[in-house]
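Enquirer: Whenever a hint applies, use it, and build me the whole structure from the sequences.
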Amino acid sequence: MNKIVSKEYFSANVVKLEVEAPMIARSRKAGHFVIVKLGEKGERIPLTIAGADTEKGTITLVIQAVGGSSKKICALNVGDYITDLVGPLGQATHIEKVGTVVCAGGGVGVAPLLPIVEAFHKAGNRVIVVLAARTKDLVILEEQMRAHSDEVIIMTDDGSYGTKGLVTNGVESVINREKVDLCVTIGPAIMMKFVSALTKKYEVPTIASLNTIMVDGTGMCGACRITVGGKTKFVCVDGPEFDAHQVDFDEMLMRLGAYKDIEKK
Amino acid sequence: MTTEELIAARRAEPWREALRKSKKNKERTEIPRVKMNELDAEYRSHTRLEEVNLGLTQEQAVLEAQRCLDCANPTCMQGCPVGINIPSFIKNIERGEFLEAAKVLKETSALPAVCGRVCPQEKQCESKCMHLKMGKEAVAIGYLERFAADYERESGNISIPEIAEKNGIKIAVVGSGPAGLSFAGDMAKRGYDVTVFEALHEIGGVLKYGIPEFRLPNKIVDVEIDGLRKMGVKFLTNCIVGKTISYEDLHEEGFKGIFAASGAGLPNFMNIPGENLVGIMSSNEYLTRVNLMDAANPESDTPVLQGKKVAVIGGGNTAMDSVRTARRLGAERAMIVYRRSEEEMPARLEEVKHAKEEGVEFMTLHNPIEYIGDENGRVKQMRLQKMELGEADASGRRRPVAVEGAIETIEVDEVIVSVGVSPNPLIPRAFQGLEVSKKGTIVVSEENMQSTLPDVFAGGDIVRGGATVILAMGDGRKAAAAMDAALKGC
Chain A
1 MNKIVSKEYF SANVVKLEVE APMIARSRKA GHFVIVKLGE KGERIPLTIA GADTEKGTIT
61 LVIQAVGGSS KKICALNVGD YITDLVGPLG QATHIEKVGT VVCAGGGVGV APLLPIVEAF
121 HKAGNRVIVV LAARTKDLVI LEEQMRAHSD EVIIMTDDGS YGTKGLVTNG VESVINREKV
181 DLCVTIGPAI MMKFVSALTK KYEVPTIASL NTIMVDGTGM CGACRITVGG KTKFVCVDGP
241 EFDAHQVDFD EMLMRLGAYK DIEKK
Chain B
1001 MTTEELIAAR RAEPWREALR KSKKNKERTE IPRVKMNELD AEYRSHTRLE EVNLGLTQEQ
1061 AVLEAQRCLD CANPTCMQGC PVGINIPSFI KNIERGEFLE AAKVLKETSA LPAVCGRVCP
1121 QEKQCESKCM HLKMGKEAVA IGYLERFAAD YERESGNISI PEIAEKNGIK IAVVGSGPAG
1181 LSFAGDMAKR GYDVTVFEAL HEIGGVLKYG IPEFRLPNKI VDVEIDGLRK MGVKFLTNCI
1241 VGKTISYEDL HEEGFKGIFA ASGAGLPNFM NIPGENLVGI MSSNEYLTRV NLMDAANPES
1301 DTPVLQGKKV AVIGGGNTAM DSVRTARRLG AERAMIVYRR SEEEMPARLE EVKHAKEEGV
1361 EFMTLHNPIE YIGDENGRVK QMRLQKMELG EADASGRRRP VAVEGAIETI EVDEVIVSVG
1421 VSPNPLIPRA FQGLEVSKKG TIVVSEENMQ STLPDVFAGG DIVRGGATVI LAMGDGRKAA
1481 AAMDAALKGC
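Chains as they are written, first to last, in our numbering: chain A, 1 to 265; chain B, 1001 to 1490.
No wet-lab data here; the hints were simulated from the structure.
Being a predicted model, the structure only gives us computed values, none of them experimental.
Certain hints may be false.
[Stated by the list, open to error] Below, computed lysine-lysine pairings styled on DSSO-like, alpha-carbon distance capped at 27 Å:
hint : chain 1 : residue 1 : chain 2 : residue 2
1    : B       : K1380     : A       : K231
2    : A       : K164      : A       : K193
3    : B       : K1128     : A       : K233
4    : A       : K71       : A       : K193
Expert: Next comes the structure, spelled out in structure tokens:
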């Protein structure tokens, strides 16, 4: 049982929760995720950790209400408990000084991108963040990103804020103007697919953090398997970060829809 | 007292001698072996949760117990990985002291109601029964074990084994499956302060996520776990050693010994085209959804595919559990696809028999070579290569060889791959200095289950790579005895 100590709405459907989890707060690193389960009959779903406070013993999760289970989690209030929370899971992001790093995030993917931005910046890299959203109200964590990077580029589909265009337009503008040594992308699978296609064209090494269907999250079930470089990998233990240029995003998109027809209300 | 002396002393008790003399051996051997009472096959193939084996009545149990000859040298005990004093518990059943029988079981087994259900007794204790030497069927030791354990539980008079004086020494157990539970029970009996760390949200490991309700009801596992709690064992769920807390953290917290029993966590796939199509999954995933997450229950948030034409690849007990589950979830065609013949199947005979009774089709000597999907990436067909048996291979079984050109395509809408598991890499990766085999199993000394790290012992599937509940429990017992000796400096 893990208590929720603070709740903030980033938008109508996106919620930031700060949850008591002292052991995870202490052991987690950028890139790690947790598995969350709500109620006795709840589903186990993976959520990437968006931050931690070791003194308070809390971790931060950012959740978008999309399916039945994420809606239930978003409906929790301060003082409520998450029934089961386990982690940190997966391999941590490999952080080193590489030069210039472009971090491209979309949707709630922006939240788990924050600790990675922080870590690359701290390691002495020039970090440029590209944040993409449908419209101005859906842009999240802009201030925090500015505090830990050299530049933040905002892209909105409708042009209501920043530059009108997709995340790929933002990334391409940076590549066209300066040498980029690494790109990190987190967001909806379809977005990562297009970012990866773009950076492949420019031969910029790219890491994508994948969020697939999981059950146990420890390698036991294989629900999260994807194809990377022609080989089957488990996102939970081999990932969640992979060389984006090697990931079969079409297969991943197909597998993400496995339970679409039978998802429970 | 040595085991031999204990066996002899108990056998010499006056009541036991009188009981032995009350019937001639000939009368005992002439009693036919009891048949397990079972749920009707047609009915049970549509009921998700009801247990297939119903257990013995008191009358049946007492009569079956009379078949046991109470041998002076009970060879059956050599076949038991946890060394249950078999004649002693059976003779207590014969004289009607069922609670006493359960106590005898608990002396050496932390999970008698579980073992009475899922042990392959026909390959262990029962395979060494004296009756077999006389051309008769073995005493139904497994059924009797289940009877005594069930009787005790249902009576409400559940005994707690004797516990030595608390010594305050902290011991950590990684994983709450059969190896971990067996180890925890034995260490608690010796007075240690035992904490079991479990990665999942439920205690029991494979007993909960793997073995289906119709073969091993969860409530039976829970009662055995409660017994361990009453013995002072502490359980911590949602805690992954090597992730949530490290080896170093355990030392800092004062743990003096660690037993790694994290199981065989990684499902094997065959790496054939189309295997990542939607609708194809490991038996671990399928069974975890149904058993641990209760996904077939409309109240559960977890979804599960409920295919109409389901193929299960493999011939082991997990394959049988999966195919029988599929049948219960509404599969019109539930098929076992196995590349060898039925004779080589590793599954227990009882499981194969039950599966057949429930309408499962057996496509032996068939091997999948490719899966074909529809426009949405869902599996719709599989291509099967027909096989024949060739020369014997390293396992002593005849090697399956492809029959050239004999390929058929069948319609499927769900495929469950049950071709074994590999050890979970989490623990080996987290413990620096731990020697790991090429297969990823933890290397231990066979004598005492000690790893290359002196305070880390290991057992169960993380050492064996995929075995049975009872072998895992045997490892737990052995490791407990060895760790106890090591900590006492003897």
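Enquirer: So, for every hint listed, does it hold in this structure?
Expert: Tested hints:
With a C-alpha separation of about 23 Å, the suggested pairing of B/K1380 with A/K231 holds against the 27 Å cut-off. At most 27 Å may separate the alpha-carbon atoms for a hinted pair to count; A/K164 and A/K193 meet this at roughly 20 Å. Proposed proximity of B/K1128 and A/K233 is contradicted: the alpha carbons are some 44 Å apart, above 27 Å. About 26 Å separates the Cα atoms of A/K71 and A/K193, which keeps this hinted pair within 27 Å; it holds.
Checked against the numbered hints given earlier, this structure breaks only hint 3.
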